[in-house]
Amino acid sequence: MSRGPGAYRAEAARSLRDDPGVRDSVGSATRSFDTHRAKAYAEIDSERWRDWARDVKTHALTHLAEYLEQAETRLTERGVQVHWAETDRDALAVLDAVVGRHGIRTAVKAKSMVSEELGVNEHLERLGVRPIETDLGEYIIQLLGEPPSHIVGPAIHKSLDDCRVLFHERLGTPLDAPPDRLAGAARDALREAFLAADLGISGANFVAADTGTLALIENEGNIRLSTSLPRVHVAFVGIEKIVPHFEDLAGFLQLTARAATGQPIGNFVSLIQGPRTGDEIDGPEEVHVVFVDNGRTALLEDDEAWEALRCVRCGACLNICPVYRQTGGHAYGWTYSGPLGAIIAPGMLGLKQALPLPHASSLCGACADVCPVRIPIPDLLVYWRERAVEGGLAPLSEGLGAKMYAGLAERPGAFAAAAALMRHTPWKAVGRALPVLGGWMQERSAPEPSPKAFRRLWEEGIE
Amino acid sequence: MSARDRILSRVREAVASRATLPHPGPFGAWRPDPVEESSVEGFVRLFRLAGGEAHLVDDEQEASEWMVRFADGFESITIGRGVPASLHPDLPVTEASAAALGVSFARGAVAESGSLLLDARDGRRSQLLAPVHVVILRADTVSGTVREALTSLRHDLPSAIAMHSGPSKSADIGQVMVRGVHGPGRVIALVVGASEG
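The listed protein sequences derive, respectively, from chains A and B.
Be aware that the first sequence starts at 1, since it is given in this note's numbering, and climbs by one per residue.
Be aware that the second sequence starts at 1001, since it is given in this note's numbering, and climbs by one per residue.
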């Protein structure tokens, strides 16, 4: 359903116009997430935690090759099969081999943004495997055939009533069923899938290089089940997920939970070293870890934007963003939405493909105030806008409009005359023909201008 | 050149000219107000805050009595391999996916995060599939911080360590919190060797 980042403005306008419930659901969920985050930050010395986390991630990124090699060595020692994927196609090819060798029919999936980025579900279907999302939010949007709207809460754009209708149609629950009854119906359906699946697919929140440990955070238990019950576990891991030491997880597991949901830690954390050992009675017999590039080294090469690779995918910048809150994630047209999505898209997809996402911000700076790894998000939004202008990717009308404004702003007489002219222009009729304004007005109706200049109102004594 | 080597060489090239920053050192769990409670108290407080239940008993004898009372009413059980025989309730043992009650033995716990530490060798299915999960925890295995706990684990890592810090829960349906979505909806820590003062 996604038309890509290029359709951002039209999709955002369409959502606000045709689907106002999305704004209500996203707004209330993100405000709730952010309230909990603020409380959880206040309990700790959050400035110090965030400085520490920023420095560990920066250190890890500047020594990334060594740490990746170390993680590979440790994982291999534990019997894990390590793969390297430059592109989404390389990553998906790992599944071809696994599915063929084990005759896999059903796969259970833990929530994983990188698997969304790679298109794992669609690929499994092509291979004749039924992929079943097991995170409750992911399950809901899989039933609807939609992509996630938020990194942490994929179905936050759906209201309780939306879910009631969906579950009534698909699982036969009553239309007035309470949420725990709906969750129970999903649990029953998914429990069968867990017990039947031969393949479990996950991402990873972190990989500790010195032990090769994959760390995964969740609240439902579906990640533990997906990585414990099926015979084979495949984990797709972005190469930037590395932290140097096993003990570094202490800071990251707790800080990520506080930033994401305001909890001291996720109710379930998995620390996975490899397949089951000789003295264990259950757990997967085969574990694969796929280190995924897919645009990450291109982002790493950028001398400014590489800092975005510190991201721990907590969603705090989405939750506090006044722009994201209006639409949720779908309008962004890509797996990663919100302020974070807008700064990594140009590096990972190419600037041309990512436009106009760096403009989907008021530059208020709230995201930088909450980011647990202190990514300078507003600076990077401006940086990508400048790069777009330098690269000739900004619309000509944008530069023309800015120049016209600069010319007027330097000449008070001309400015006053132009302002008077604008107050008396029939905008509805002519606005659409003008540069910049025309684009803006394609999706919106313009407000009526004030009949008097602000300066005049000021002299007359406004409140 | 393999995909691996191409990725690693691109990574090396990308950061070659960049100033490197040293690792900032161990995570210090910094807080504005230092915690003034014992590790067991801290663990119990946070575990309960997250929706877990905790019972504190003096010794294995008391634990065994508690277990007999608690298990009354359950029809079947799945038991972790580390649970001492004296704490096995007298219930038919069944395959974990059919059990009404799961009992595990914790490798340890953490005060700072309110987490139980569960070892895969105890049995993963017993930790996950029954709707009610009782975890036996020796009071002298509770660490103060997550970092201390990880340091104590690193010398002996099984295929997986899990930190369970409360019941299975989700707010994915209309932002309403529900329990017992996939994992146990009720989790009870039975802390042996520390009665509640």
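For the record, the hints were derived by calculation from the structure and aren't laboratory data.
One should not assume that every hint holds.
[Stated by the list, open to error] Listed next, the stretches of chain B that the computed footprint assigns to chain A, with coverage defined by at least 3 CB atoms under 8 Å from CB atoms of chain A:
(1) 1117-1124
(2) 1154-1166
[Stated by the list, open to error] Across the chosen pairs, the derived CB separations fall in these ranges:
(3) P449(A) x R1048(B): 25 to 35 Å
(4) D1005(B) x G172(A): 21 to 31 Å
(5) R130(A) x S1076(B): 23 to 33 Å
[To be verified] Which stretches of chain B does chain A cover? Using the computed rule of at least three CB atoms under 8 Å from a CB of chain A, they are:
(6) 1015-1025
(7) 1059-1071
(8) 1182-1189
C-beta atoms are modelled at their ideal positions from N, C-alpha and C, and glycine is treated no differently.
Here is what the structure says about each hint:
Here's how the region 1117-1124 of chain B fares: 4 of its residues keep a CB closer than 8 Å to some CB of chain A, so the rule of at least three is met and the hint holds. Three residues within the 8 Å Cβ limit are the bar, and the region 1154-1166 of chain B against chain A gives 11, so the coverage statement holds. For the pair P449(A) and R1048(B), the beta carbons lie near 60 Å from each other, so the given range of 25 to 35 Å is not met. The beta-carbon spacing between D1005(B) and G172(A), approximately 54 Å, falls outside the hinted interval of 21 to 31 Å.
Distance hint check: the CB atoms of R130(A) and S1076(B) are about 30 Å apart, consistent with the given range 23 to 33 Å. Counting residues of the region 1015-1025 of chain B whose CB lies closer than 8 Å to any CB of chain A gives 8, which reaches the minimum of 3, so the coverage claim holds. Coverage of the region 1059-1071 of chain B by chain A is violated. Counting CB-CB distances below 8 Å, 0 residues qualify, and the rule asks for three or more. With 3 residues having a Cβ less than 8 Å from any Cβ of chain A, the region 1182-1189 of chain B passes the three-residue criterion, so the hint holds.
Hints 3, 4, 7 from the earlier list are contradicted by this structure; the remaining hints agree with it.
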